[in-house]
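These protein sequence lines are chains V and W, in that order. Numbered by our numbering, the letters in the first sequence go through residues 985 to 1099 in order. Numbered by our numbering, the letters in the second sequence go through residues 1113 to 1221 in order.
These are calculated hints, taken from the structure and not from any lab test. All values derive from a computational prediction rather than experimental measurement. Watch out, some of these pointers could steer you wrong.
[As the list claims (entries may be wrong)] Each computed DSS-like pair below joins lysine-lysine, with the alpha-carbon atoms no more than 30 Å apart:
#1 V:Lys1062 <-> W:Lys1208
#2 W:Lys1182 <-> W:Lys1168
#3 W:Lys1220 <-> W:Lys1171
#4 W:Lys1208 <-> V:Lys1008
#5 W:Lys1208 <-> W:Lys1171
#6 V:Lys1052 <-> W:Lys1208
#7 W:Lys1182 <-> W:Lys1171
[To be verified] Anything over 12 Å on all C-beta distances counts as not near chain V; from chain W, calculated:
#8 Thr1132
#9 Ser1139
#10 Val1159
#11 Ala1190
#12 Gln1213
Even glycine gets a Cβ: it sits at the ideal position worked out from N, Cα and C.
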Amino acid sequence: DAGVIQSPRHEVTEMGQEVTLRCKPISGHNSLFWYRQTMMRGLELLIYFNNNVPIDDSGMPEDRFSAKMPNASFSTLKIQPSEPRDSAVYFCASSLTGHTNYGYTFGSGTRLTVV
Amino acid sequence: TQLLEQSPQFLSIQEGENLTVYCNSSSVFSSLQWYRQEPGEGPVLLVTVVTGGEVKKLKRLTFQFGDARKDSSLHITAAQPGDTGLYLCGSSNTGKLIFGQGTTLQVKP
Chain V
985 DAGVIQSPRH EVTEMGQEVT LRCKPISGHN SLFWYRQTMM RGLELLIYFN
1035 NNVPIDDSGM PEDRFSAKMP NASFSTLKIQ PSEPRDSAVY FCASSLTGHT
1085 NYGYTFGSGT RLTVV
Chain W
1113 TQLLEQSPQF LSIQEGENLT VYCNSSSVFS SLQWYRQEPG EGPVLLVTVV
1163 TGGEVKKLKR LTFQFGDARK DSSLHITAAQ PGDTGLYLCG SSNTGKLIFG
1213 QGTTLQVKP
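So that you can see chain V by itself, here it is in the shape it has in the complex (with noise of 0.2 Å):
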């Protein structure tokens, strides 16, 4: 298996532009994962999905966040309109529900830059 697969691995926008970030988890993984990583605030998690479900959103910072997920093995996270202080690394990450013990696999991640 490839692993997790984000894209793009780094994305420079405009303020006021539309960001769409992709994930492609582990395939039979049925949980994922959506975290952003700064400096001053470490590793969040923003959503995370069971089944296609979201579960928890209680993380998305405000309403110009959207996540999706149509199928097992894709998922979006859209940006609109993007802000400074938006410009981040972003990660998604999928794991197998009930197989704790195996912990989470991360894709490389999408560092956004809004300028």
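Here the structure of chain V is known, so what remains is to put chain W in place on it, guided by the hints.
For chain W alone, kept in the frame of chain V given last:
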């Protein structure tokens, strides 16, 4: 919400030295995981500890889970430059993995 506190935040040592980093919580962990993150990459799982008092070894890394399952430590023996990175502890008591702020380790040759 369970909060995880890691210490120290930063550690810079010479190759060959030993070190210990800590992860503490006011709540009991059902299980705890340690991850290492290298620049430009996502965190990678090192180990999961589940039982109070448990000790696990991974080459030069020794992980210990406190008897009360409220704290954990990671000890590295004879650190090498390849150990450089961000070490994160995480707990998934509520079904979602929450991380501490991490310990940034720099091992100088």
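Quiz prompt | Hints not upheld, ascending by number | solution = 10, 12
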